[in-house]
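Numbering-wise, this note's numbering comes out as the position in the sequence shown, counting from 1, plus 18.
Don't read these hints as lab results, they were simulated from the structure.
The structure displayed is predicted, hence computed values, not measured ones.
Beta carbons: idealized from backbone N, C-alpha and C, even for Gly.
FRET-style restraints, in silico, Cβ to Cβ:
hint	residue 1	residue 2	range
1	K26	A409	23 to 31 Å
2	S203	K26	54 to 62 Å
3	V402	K129	30 to 38 Å
4	P190	S407	48 to 56 Å
5	T65	E383	23 to 31 Å
6	A409	F191	39 to 47 Å
7	F268	V402	36 to 44 Å
8	A401	G148	42 to 50 Å
List of simulated lysine-lysine pairs, DSS-like, C-alpha gap at most 27 Å:
hint	residue 1	residue 2
9	K126	K152
10	K238	K189
11	K129	K189
12	K189	K265
13	K238	K152
14	K437	K129
15	K126	K437
16	K152	K189
17	K126	K189
18	K21	K437
19	K238	K265
20	K152	K129
21	K265	K314
22	K437	K26
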Amino acid sequence: MEKVLFRKVRVIDGQSRHNGQVCDVLVDNAIIQEVGEGGSLQAADCTRVEGGCLSPGWVDMRVNLTDPGFEWKDDLESLAAAALVGGFSRIATLPNTSPVIDNSGLLKSLKLRSASLSVHVLPYGALSVGAAGKDMAELYDMHQAGAVAFSDGNQPIASSGLLLRALQYLKPFDGLVCSLPLDRSLSPASEIGESPVSVQMGMPGIPAIAEEMMVARDLKLLGYFPHRLHIGPVTTAESLNLLRVAKAQFPELSVETSALYLLLDDTSNLEFDANTKVFPPLRDRAAVIALREAVKDGLIDVISSSHHPQSIEEKNHDFSAAAPGAETLEIAFSAAHTALAQAGIPLTRLIACLTAGPRRILRQEPVCVDQGQLAELTHFDPAVRWTPSLAHIRSKSKNNPLLGQELLGKPLHVYVRGKLHHSH
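Using the sequences plus the hints, can you model the full thing?
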């Protein structure tokens, strides 16, 4: 266990009595031993970290896992390394591996293989067998094996009957369903948002109603059978309007968006850069503004990375033929902070969407920057401006749309599992 003294750090933690204060924080044996006024603590035989901000460790609720089956995109070790560079101490992983994680044996194997990693891996189990959207998977067995939630990952839950049965089945053991809201039947051959930009590019688009209809469907089912439901990532203004009304009625409904949707609009696609082709697609500027406001007013509980690595071969095609997805673990915080700072939204809201929100939804033990608490911490500089390059990428895949673009804010260290890791 590494002993660390964080000196003169500003605490950013809405759960802590020290929130907003400049403090010294002494960590030893993976426990916060003491918190004092900035510059007041002394300690021998320890690592010293000076300045910046300190928060509970960040949690990413949407990470594409490509091991087993697609290890050339990322394996567990490269995924963990990318997470640390991004400031994350915990990552929740989608089940779309090969084979799909749809039974307790595969889930136990993942838990065992990830136990020695430097970050905590929180696995989702597939909602349906093979994530094919038909027969319900072994949800209870996977819950017993450690699944934190159930999702078909990048496959929307097309069957209303499947979603309803899952809500009913999970109720006795308080399981969580995560729904990606998109009706693919409205745009089976499209992977870009429908807008004047898609017309200009000469490509068929995914209309906003493809998301909004699925959000409305999910909320209707929730009204029929209330239970824990997490919806996201959402990308359109009308989805937010529907969710705002529903959240007043359903306290266990939670909402997620991802960092790129806060920063980029669909004009980023105009250069035909395949790295800007993501799923769900980028939307127009009005949607970006609406998403930022939804973070500000607390409608959005979670900001994820939606890390989706793709190989050079899968991206090195014409835009229409390239695989969707962006490699984003290392830059998710910086992208979101750049976007929200532009809109004058307090840093505390972003940190809440990376810490308290996902921990509450995934039923993870709470972390608070205070004496006697578990030391799982992210140290970062919200004021530094930097430009990501390939040298910053720890993922095996390099399909990052923000390389060469100046961003605001950067993770510096992550303290997790009793060890301090550099994020730079």
